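Novice: Line by line, the protein sequences give chains Z and G.
Counting along the first sequence from 1, when you hit position 24 you're at 24 in this note's numbering, and nothing is skipped either side.
So the mapping is simple: this note's numbering equals the position in the second sequence, first residue as 1, plus 1000.
All the given hints hold, so there is nothing to weed out.
EDC-like, lysine to aspartate or glutamate: derived pairs with alpha carbons at most 20 Å apart:
id	chain 1	residue 1	chain 2	residue 2
1	Z	K53	G	E1096
2	G	K1042	Z	E19
3	G	K1042	Z	E20
4	G	K1093	Z	E19
5	Z	K74	Z	E52
6	Z	K85	G	E1104
7	G	K1314	G	E1217
8	G	K1093	Z	E46
9	G	K1128	Z	D40
10	Z	K58	G	E1103
11	G	K1315	G	D1259
12	G	K1323	G	D1276
13	Z	K58	G	E1104
14	G	K1093	Z	E14
15	G	K1128	G	D1077
Label pairs and their computed distance ranges (CB to CB):
id	chain 1	residue 1	chain 2	residue 2	range
16	Z	E67	G	S1031	46 to 52 Å
17	G	N1325	Z	Q10	57 to 63 Å
18	Z	D30	G	K1157	47 to 53 Å
Hints were generated in silico from the structure; no laboratory data involved.
All values reported here derive from a predicted model rather than from experimental measurement.
C-beta: ideal position from N, C-alpha, C; glycine also.
The primary structure of each chain is shown beneath.
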Amino acid sequence: MSDLRTELKQSIIEQLNLEELSIEDIDNDDSLFGDGLGLDSIDALELIVLLEKDYGIKLTDPNQGKEIFISINKMAEYIESHRTK
Amino acid sequence: MSRTVYIIGIGAISAQTEESIFLEKPIIYNSNIFQAISPNFKEYIPAMALRRMSQVIKMGLTAGKMALQDANVELPDAIITGTGEGCKQDTEKFLESMLSQQEELLTPTSFIQSTHNTVGGQIALNLKCSGYNVTYSQESASLESALIDSVLLLNEKPSLNSVLVGGVDEVSNRITSFGYLNGFLKEEEIENLSLFSKKSEGTITSEGAFFFNLTTENIKDSYAQLKGVTNFKAESSIEISEKITEFLLKNSLRSQDLDIVFLGKNGDLEQDKVYDELQNTIFSETCQLAYKHLSGDFKTVTGFAIWLSCLIFKKQQIPAILKLNAIYGANPKNILLYNLSSNTNHSLILLQKP
Chain Z
1 MSDLRTELKQ
11 SIIEQLNLEE
21 LSIEDIDNDD
31 SLFGDGLGLD
41 SIDALELIVL
51 LEKDYGIKLT
61 DPNQGKEIFI
71 SINKMAEYIE
81 SHRTK
Chain G
1001 MSRTVYIIGI
1011 GAISAQTEES
1021 IFLEKPIIYN
1031 SNIFQAISPN
1041 FKEYIPAMAL
1051 RRMSQVIKMG
1061 LTAGKMALQD
1071 ANVELPDAII
1081 TGTGEGCKQD
1091 TEKFLESMLS
1101 QQEELLTPTS
1111 FIQSTHNTVG
1121 GQIALNLKCS
1131 GYNVTYSQES
1141 ASLESALIDS
1151 VLLLNEKPSL
1161 NSVLVGGVDE
1171 VSNRITSFGY
1181 LNGFLKEEEI
1191 ENLSLFSKKS
1201 EGTITSEGAF
1211 FFNLTTENIK
1221 DSYAQLKGVT
1231 NFKAESSIEI
1241 SEKITEFLLK
1251 NSLRSQDLDI
1261 VFLGKNGDLE
1271 QDKVYDELQN
1281 TIFSETCQLA
1291 YKHLSGDFKT
1301 VTGFAIWLSC
1311 LIFKKQQIPA
1321 ILKLNAIYGA
1331 NPKNILLYNL
1341 SSNTNHSLIL
1351 LQKP
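So that you can see chain G by itself, here it is in the shape it has in the complex (with noise of 0.2 Å):
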């Protein structure tokens, strides 16, 4: 039998605060790339080790340390990352350094810094953390997969007690903005809140470090328990239907028993009609919320909708500026994440409360 796996402990880093989302005051971007609002991150880091940096790695290493004090863990036995696209910033430092120098005299600092582990490498190094570290790159399920690894992890090794999981994207200057050239971002700079408005291909992306930190032991201050994860693939809007349906009857529910739907909504004209068509079957009896309006697109970007849920069972509230339909979710107890990238990639997280 499956250990049951808790949220304990949540840090997240977005382009919104806590504040400004559940008191109803969202952060306005006026651009189709927009940053995250950056703690104090001298708080969190020592200087030394914070001035070789790039924003993946101090968003990540504050994210998984504010998880960390959250739960009041110091020491978490595993460290599992998922990030979609790693260290852009030092990727780019690299090879812009690459040209310049003709390729002789390269620094070492962002060659180092440039691959996708860097995150959870220095995590591990800030908390001496010696344990199992794994990072997943898998584009929109890598985070999806850090959570599967670490469910399945705190069940192969019943010893292990905590876990430290998250996801973590970063914006860089050249990368991101490719966005514009494939079609990923809309050709026309929106105001963010205005997302689900405008019909036009595309969408709008930020960054972002959404760390959690996981045990076996249900406590008091307990968040939600992760039921279950998953990614898989469907060809057409009825096989997205029987995943959904198969999904919630392994985890024995239906889709009636979910009080909210987080959608992946990204106001992009055509995949939204597959979110379309399950707003009005499946789940048209349920409250819809979504979040992409606040905190960009990104792939690693469900971890802020966890962040989110955790925050509404713990609050009892949902805030107006995530609705979709007038369906209210009161008090809610099962929350089903349901998130679609590229037209293919499609996710499933199912929380609940504990």
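Okay, chain Z solo, but in the shape it has when bound (with noise of 0.2 Å):
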């Protein structure tokens, strides 16, 4: 269960070009937007194009994101519980 989200963690640093972050610097539980690691609208797009490529989870609602995307928890979660591949 911890090795998908630190997978999770190693794909969205390397997806998103964080390279000032490592996989200890994100906590499980820190909001991906805003205050967390700041990230953008563009990236969620990056992470909906993550979703359906490593997991085989197909967003037909853009708006799904926001609930999903919370944290890495929340990710995992999702994964765990959609994923087709």
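Both chains are given apart, each in its own frame, so use the hints to dock them into the complex.
Specialist: Spelled out as structure tokens, the structure:
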């Protein structure tokens, strides 16, 4: 279970070029947007692609992202219950 | 009557530094493609914005901010950018993703940032500048076109006082190396400083960003007056000489009034014959300088020569590494930049000490 969270952190750092951060810098409950990691709307698009590419989850409604991309824990929970690969 | 335009701030990123040239310690490269020396971009761009920028955006934004800081200007009235080849790194990244992922699940960042006007847009976003913002992409005439537009804008709108104008181009893995296939680059890898002694076809290339803050007020620290800029086509060496003479006359000068001519020689055996002819005729009595052995040749490289000219005016020093002949341009007042690209696109930029 924690492997998925570590994997997610690694993917986010690589995909979003968060060169300044390491896996240890991201807490599982940190906000990904706003005051947390400070991600923005372009990052949200990148995360939607990441979900589909790595886990086979296709978000048909972009508004779903607001509930899924809250934190690493929330993302991992959603992936665990919806992944197709 | 047209308004006089001055360069009051300069910012440059290239394969050389001010110190390497003016202290006569040029940086040596042993490849026909070499990269610019990057400053610490974090000093100019917030880390969260920096992380998704390719080299051309980082260089353009940083050089733009350097020019503004140098001129002590916080917010320009307009931003005008020239780029011959635009955001090649992001274009390649996007195209490679299309191929590897069978045109599916493409990430948006590289696509968004692959358009030529990304640099000008990012400068505006960073400065929160909502003024006139245009990007010119006319191959080797891109920077010159941006300069012409800057002068026109300052003349058409007297309420505007500050224009940030510049040129930027980057090296990329694949598109830049296509130069080996179409003859732009020399087949044999050479040392950059031997560019003019190798008698072979092709040249060397690199990248850079050169931004200038223009205004119509001559301040104490103005670097230069931008007297004139033009692009032209010509069929013969006689016609080239005529066009140069005509351009100088339009600016009330003759060739003998020039203290320095900056020539865009790039070591290509065929193309340099055009420069040789000029060196032996209308510029035979003028101090002749070259720069592409230091900067490499690329579409907006004349920005490097403008930057050097500004520093020559300011320091009243002509580095020996630039010299093509023995004539010394003491106390230079008038500098002409002549560039020829792809054997077809000619450009002239005339700078005068303010």
